[in-house]
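In order, the protein sequences belong to chains A and B. Numbered per this note's numbering, the first sequence finishes at 419, counting up by one with no gaps. Numbered per this note's numbering, the second sequence finishes at 419, counting up by one with no gaps.
These are calculated hints, taken from the structure and not from any lab test. Some hints could be false.
Copies of the same chain are indistinguishable here, so a pair counts whether it falls within one copy or spans any two.
As the list claims (entries may be wrong) - List of simulated lysine to any residue pairs, SDA-like, C-alpha gap at most 25 Å:
(1) K48 - V66
(2) K368 - E401
(3) K176 - F215
(4) K45 - K295
(5) K412 - G380
There are 2 protein chains.
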Amino acid sequence: VTFLTTDHQSLTTPMMKSVDEQLEILRRGTEQIEPADGLRKKLEKNLKTGKPLRVKYGIDPTGIDVHLGHTVPLRKLRQFQELGHKAVLIIGDYTALIGDPSGRDETRARLTPEQVEVNAADYLKQIGRIIDLSKAEVRKNSEWFSRFTFLDTTSLAGRTTIQRLLERDDFAKRFKARPESVPIYLHECLYPLMQGHDSVAIQADIELGGSEQLFNLMMGRRLQEAASQEPQVCLTMPILRGLDGDKKMGKSLGNYIGVGMSADDQFAKTMSLADEPMKEWFTLLTDRPATEIEKLTDPNQTHPMEAKKTLGRDVVTFYHGADAAAAAQANWEKQFSERKDPDNIPEATVPAGDVGLPQLLVTVGFCKSNNEARNRITEGAVSIGPERTKLTDPKGTVKVEDGLVLRLGSKKIVRLRIG
Amino acid sequence: VTFLTTDHQSLTTPMMKSVDEQLEILRRGTEQIEPADGLRKKLEKNLKTGKPLRVKYGIDPTGIDVHLGHTVPLRKLRQFQELGHKAVLIIGDYTALIGDPSGRDETRARLTPEQVEVNAADYLKQIGRIIDLSKAEVRKNSEWFSRFTFLDTTSLAGRTTIQRLLERDDFAKRFKARPESVPIYLHECLYPLMQGHDSVAIQADIELGGSEQLFNLMMGRRLQEAASQEPQVCLTMPILRGLDGDKKMGKSLGNYIGVGMSADDQFAKTMSLADEPMKEWFTLLTDRPATEIEKLTDPNQTHPMEAKKTLGRDVVTFYHGADAAAAAQANWEKQFSERKDPDNIPEATVPAGDVGLPQLLVTVGFCKSNNEARNRITEGAVSIGPERTKLTDPKGTVKVEDGLVLRLGSKKIVRLRIG
Numbered sequence: 001v002t003f004l005t006t007d008h009q010s011l012t013t014p015m016m017k018s019v020d021e022q023l024e025i026l027r028r029g030t031e032q033i034e035p036a037d038g039l040r041k042k043l044e045k046n047l048k049t050g051k052p053l054r055v056k057y058g059i060d061p062t063g064i065d066v067h068l069g070h071t072v073p074l075r076k077l078r079q080f081q082e083l084g085h086k087a088v089l090i091i092g093d094y095t096a097l098i099g100d101p102s103g104r105d106e107t108r109a110r111l112t113p114e115q116v117e118v119n120a121a122d123y124l125k126q127i128g129r130i131i132d133l134s135k136a137e138v139r140k141n142s143e144w145f146s147r148f149t150f151l152d153t154t155s156l157a158g159r160t161t162i163q164r165l166l167e168r169d170d171f172a173k174r175f176k177a178r179p180e181s182v183p184i185y186l187h188e189c190l191y192p193l194m195q196g197h198d199s200v201a202i203q204a205d206i207e208l209g210g211s212e213q214l215f216n217l218m219m220g221r222r223l224q225e226a227a228s229q230e231p232q233v234c235l236t237m238p239i240l241r242g243l244d245g246d247k248k249m250g251k252s253l254g255n256y257i258g259v260g261m262s263a264d265d266q267f268a269k270t271m272s273l274a275d276e277p278m279k280e281w282f283t284l285l286t287d288r289p290a291t292e293i294e295k296l297t298d299p300n301q302t303h304p305m306e307a308k309k310t311l312g313r314d315v316v317t318f319y320h321g322a323d324a325a326a327a328a329q330a331n332w333e334k335q336f337s338e339r340k341d342p343d344n345i346p347e348a349t350v351p352a353g354d355v356g357l358p359q360l361l362v363t364v365g366f367c368k369s370n371n372e373a374r375n376r377i378t379e380g381a382v383s384i385g386p387e388r389t390k391l392t393d394p395k396g397t398v399k400v401e402d403g404l405v406l407r408l409g410s411k412k413i414v415r416l417r418i419g
Numbered sequence: 001v002t003f004l005t006t007d008h009q010s011l012t013t014p015m016m017k018s019v020d021e022q023l024e025i026l027r028r029g030t031e032q033i034e035p036a037d038g039l040r041k042k043l044e045k046n047l048k049t050g051k052p053l054r055v056k057y058g059i060d061p062t063g064i065d066v067h068l069g070h071t072v073p074l075r076k077l078r079q080f081q082e083l084g085h086k087a088v089l090i091i092g093d094y095t096a097l098i099g100d101p102s103g104r105d106e107t108r109a110r111l112t113p114e115q116v117e118v119n120a121a122d123y124l125k126q127i128g129r130i131i132d133l134s135k136a137e138v139r140k141n142s143e144w145f146s147r148f149t150f151l152d153t154t155s156l157a158g159r160t161t162i163q164r165l166l167e168r169d170d171f172a173k174r175f176k177a178r179p180e181s182v183p184i185y186l187h188e189c190l191y192p193l194m195q196g197h198d199s200v201a202i203q204a205d206i207e208l209g210g211s212e213q214l215f216n217l218m219m220g221r222r223l224q225e226a227a228s229q230e231p232q233v234c235l236t237m238p239i240l241r242g243l244d245g246d247k248k249m250g251k252s253l254g255n256y257i258g259v260g261m262s263a264d265d266q267f268a269k270t271m272s273l274a275d276e277p278m279k280e281w282f283t284l285l286t287d288r289p290a291t292e293i294e295k296l297t298d299p300n301q302t303h304p305m306e307a308k309k310t311l312g313r314d315v316v317t318f319y320h321g322a323d324a325a326a327a328a329q330a331n332w333e334k335q336f337s338e339r340k341d342p343d344n345i346p347e348a349t350v351p352a353g354d355v356g357l358p359q360l361l362v363t364v365g366f367c368k369s370n371n372e373a374r375n376r377i378t379e380g381a382v383s384i385g386p387e388r389t390k391l392t393d394p395k396g397t398v399k400v401e402d403g404l405v406l407r408l409g410s411k412k413i414v415r416l417r418i419g
C-alpha cells in the first residue's frame, strides 16, 4: 500500500489496481456494503469500461466545523479518488433552504441563499484538507430541485410509504416514544427522498455515508431503480467516538479534534484520548495496515503513550505535514516534562486525619501565618494531588494521606508523610 | 319553509332569514358541525357585515356519474345558496393530474389535462341539476398549485405530522391492518393538505363534505389558522345508503339512482327501495319537514308503498319537474298492475314431490309432448313462483308445493295443488 500516502497534498496519478487490491483498500474500516457483492461488481464494470465510478457524498451546508468524525467517510472518498474514481460532492443547498417549516427545530432554521453560499464555501475549504477538490465534481441540488413542480414533488413522494419511512431508526424511535410520541413532520419525510433523488440526478455508482445514513442511501437505490438506472452501492462508515472514548465525536460535547486546529492542538488533544478507542482511531483515521495497528494497540508490545504519540503524529501529518507533526510532538513533550513533578520532592511529616488548610500550609513551612495562608488560598495559589486540584476555600480542610503532594504556586512543593 | 322549493330551476332571490331560522334549515340532516357553535357565529357575522358566507365544496374530476348519494352535501350547498350565501366549487383538477404515482391504484390513474377538462365539464353539467351554477364561484385548484415550487410544497407538508395523518380513519385502518399493513404512499399524505390549502386559497367560511371528509375539512381549519385566516366551519353530511338499505350508495354496487336517469327509471328504482332507509332518504333528499316525514314513515299512518310513491315523486320532481313525476308514477303503476297475477288463477292437481319439468308442463296441459315442453323450456318461456324465476334446464326437476304458480309465456298460468 505504498501509494496510499498520509500527506493529502500529494494525490498522484492513480496506479491501476486489480479489483481485489481495490477491494482490500476500500473494505478497510467500512461498516456495511449494500448489497454485499455490489462493490466488486461496480469495480469489475469500471475495469471493463474504463469509466471511473461516480462516488457520491452529500454535504449539508448548515455551517459546520469539520472534525475528525466527519473525515471518516471523507477519507474513504479520498481512497476512491486515489484509485482513480470520481468523487461527486452534493451540496444540499436546496435542502438547507427548506429548513424546518414546522418551526420546531432551531438547528434547522431556514437559511437564506447567501448564508448557504457562505457555508458551502467554508465547508469546501475545510474538506479540501481531506479530498482533492480539483479532481472532484461539486454539484448543488438546487440545480434540479429548483425546477421541481408540485407534480414532480408528489411523484417523488409516491415512491415511498409511511410504513417504510417508519423503519428509519430515528423516525421509529420518535414514533414509538412513550409516554408521548414525538411528532414526525411530513416535510421531514421528504428529506430521504431528496437525498435519494440526488443519486438519480448525478447517476451515482456508490454513495458514502455514516452508518446512520443507510436508510437514506438505500432510498437512492430505490429511486434509481424506478428511474431505470443501475442502482448505487451503499457504503457506510462507522461513527467515530470522541476523545472520551464513549460518545460520538461532536462539537457540543467538546470531545472533538477539528481539521482546522493547529498542529499543537491536534497533537495535544490526541494525547488526551482515552486508551480504549485507539484501535478504532488508527483504523479510521490512518492508512496503517491492520498488522501494524495490532502491534501498536497491544500494551505488551507498545506502551499506550508511545502508540498515542504515533497516532498524534499521523493525525497532524495529514493536516499539517511531517515537519509540523514532529514539532508539535516536541512541544507537547516539553510541556509534559515541565508539568511533571520533580524526581526528588521534599517531604514533611504531619498528623493523620482532617486538618485545616491554612494550618497545613503553616505546618509544612509554606506560610508564616494563618493569615498569609488564607490570602494565598483565596488567590488560587494552592493545589493538591496529581491532578493539581486547586483549593480556594480558606475555611476548607484536607484529609491528609501518606504521600499526598501539596503545592504553593509553581515553586513550592512538598510530599506529606503521616507522622 | 315555503321558499325551500324542490324544483331546482326556480332559485329565487333569497329572503332575509334570521340566524335561528337559517340554523334550523342548515342543521337539518347534518351529521356534525365543527366547532359546534361555529355555524351560528359565521351566520351572525354575515348578518352584521352583509357579506355572504363563502361555502366551499370540492369536486374530484375523475369521471363520475353523479348519484343521489353525491347530492346529499350538494343539496346542503343549495340551501346555503337559497339563504343568500356564496357557493364556491373547487375543481381538483391539479389533484387529478397527480393520480397515483405509486401505480398502485388504477382508479387514480394520472389523467391528462384534456381528460380532466372533459370530466370537470361533465361533472358541472350534472351538479347543475342540484345547485344554481350561475350563482356559484367555480375555481380550479391548478390556479394555485401549478405555481407551487418544491419549497412551497415542503412548507405545506411541514404543517402536519405522520402521527396526525394516522388519525385519519382510512389511514389508521390501513396502518393497523393485519396480518399485513396496507401501504400508505407518501403522496397520499399530501392530498388532505392540498384540500386544506384550497380553503386558504379561496378563504372559505364553511366547508361541506361527507362524514368521511371530516379529517380533510379540519385540515383546512389548521392551515387557515397558520395563514392567519379565520378558520372555516366544517359541516359533514351522513352517507346515504343505497337501494338495498344496507351499503353506501355506489355505482359499483348497482344500488344507486343517477341524477341523469330518466323520470321513469328514477321512480321505478325508488319503488324498489328497502323500507328501512326511507326516513333517511326523506330527510336527506327532500325538504319535507320532520313531522311530515314522521307520519310518512310510520306504517300505522302510511302504507309503505304509498310513502315510497311520495318519495319517488319528490325525487323525480326535483330532477324532471312535477309533470314528469306524475307521468312516471302512472307508468310505474300501469306496469305494476300488468305484472300482477290475475285474481283468479286456474288450478291443476299434481302429485307431491320432485317431478321432471317437461313432464309437469304436459301434466298441467301447457304442452302436448315432452319434446314440445323441452323446446319451450330451452327458449326461456317457463317461469315459476312470485319472483317469476326462469327455468331453462330441460332436464331440471321441480319440487312441487301446494299453491306454487307456474307460467308459460305471458298468457298461460296455473296454480299447482297437491292431489
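Status of each hint after checking the structure:
1. K48 - V66: Result: close neither inside a copy nor across copies, 37 Å intra and 62 Å inter.
2. K368 - E401: within (23 Å within a copy, 131 Å between copies)
3. K176 - F215: Both, since 18 Å and 23 Å are each at most 25 Å.
4. K45 - K295: Answer is neither: 37 Å inside a copy and 83 Å across each miss the 25 Å cutoff.
5. K412 - G380: within (14 Å within a copy, 124 Å between copies)
Violation of the numbered hints given earlier is confined to hints 1 and 4; the remaining hints are satisfied by the structure.
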